[in-house]
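> In case you want the letters, here they are:
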Amino acid sequence: DTAVSQTPKYLVTQMGNDKSIKCEQNLGHDTMYWYKQDSKKFLKIMFSYNNKELIINETVPNRFSPKSPDKAHLNLHINSLELGDSAVYFCASSHYTLNNSPLHFGNGTRLTVT
Amino acid sequence: AQKITQTQPGMFVQEKEAVTLDCTYDTSDQSYGLFWYKQPSSGEMIFLIYQGSYDEQNATEGRYSLNFQKARKSANLVISASQLGDSAMYFCALPNRDDKIIFGKGTRLHILP
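If you read the sequences in order, they're chains A and B. For the first sequence, the positions run 12 to 125 when our numbering is used. For the second sequence, the positions run 979 to 1091 when our numbering is used.
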């Protein structure tokens, strides 16, 4: 009965590789997000999708490409991985209006680029 | 632009004592909400408590409560009777008009036995 699940939990890869992280939510939420948490624990939004439509696209290198096949899934594909991409990536979901609807997070994917 | 400030990078508190984690914010919106999240060492982000700007009472959830002072733009999290399992990072968060949630830098809380 996991609410927001993302896979894999750990991802270790070499520079230049391409990798994907998958996310699924069973909460019936309209909106899904990708957040990046750096080594200092700072959380920054990368993307958000509402009903498969991209609504937030922060200043993120175009090597990062989100894809939402349906409103319950939001995947993140990263091309040509760089050392600086090492971080924890969180998927999250919420109802559309954030003012009183908390984000529900997945458990995170720790990406290490060597 | 919205801004969230958590001024305490780290705190050490004796078990069973109450602890207050500070959060101040800046927003031009009249209606807004504030959230607190806990991140234990295992890494997951756990939603703790929500405060609406027009809520008449301070939010409470079990041992968590918010000391919400709208005029001062502060929304401090109070944890009563702290437990060892409360050791974690705590983040204050505020949604902005673009529906992005902005997070503070967090406070690392250590509960001492």
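None of these hints come from the bench; they were simulated from the model. Some hints could be false.
Using 20 Å as the maximum straight-line C-alpha spacing, the simulated SDA-like pairs for lysine to any residue come out as follows [unchecked claim]:
| # | chain 1 | residue 1 | chain 2 | residue 2 |
| --- | --- | --- | --- | --- |
| 1 | A | Lys51 | B | Ser1065 |
| 2 | A | Lys20 | A | Thr123 |
| 3 | B | Lys1078 | A | His115 |
| 4 | A | Lys55 | B | Thr983 |
| 5 | A | Lys47 | B | Glu1022 |
| 6 | B | Lys1048 | B | Ser1065 |
| 7 | A | Lys33 | B | Gly1021 |
| 8 | A | Lys33 | B | Ser1065 |
| 9 | B | Lys994 | B | Gln1035 |
> Compare the structure with each hint and give your call.
Status of the hints after comparison with the structure:
Between lysine 51 (chain A) and serine 1065 (chain B), the direct Cα distance comes to roughly 17 Å. Compliance with the 20 Å bound is thereby established for this hinted pair. About 11 Å separates the Cα atoms of lysine 20 (chain A) and threonine 123 (chain A), which keeps this hinted pair within 20 Å; it holds. For the given pair, lysine 1078 (chain B) sits about 14 Å from histidine 115 (chain A) by alpha-carbon distance, which is consistent with the 20 Å threshold. Among the hinted pairs, lysine 55 (chain A) with threonine 983 (chain B) is consistent with the structure: their alpha-carbon atoms are about 15 Å apart, no more than 20 Å.
Between lysine 47 (chain A) and glutamate 1022 (chain B) the alpha-carbon distance is near 13 Å, which keeps this suggested pair within the 20 Å criterion. Annotation: proposed proximity of lysine 1048 (chain B) to serine 1065 (chain B) is violated, straight-line Cα distance about 28 Å (limit 20 Å). Taking the CA atoms of lysine 33 (chain A) and glycine 1021 (chain B), the gap is near 18 Å; set against the 20 Å cutoff, the hint holds. For the suggested pair lysine 33 (chain A) and serine 1065 (chain B), the alpha carbons sit about 30 Å apart, so the restraint of at most 20 Å is broken.
Taking the CA atoms of lysine 994 (chain B) and glutamine 1035 (chain B), the gap is about 25 Å. The hint is violated against a cut of 20 Å.
The structure fails hints 6, 8 and 9 (numbered hints given earlier, in ascending order).
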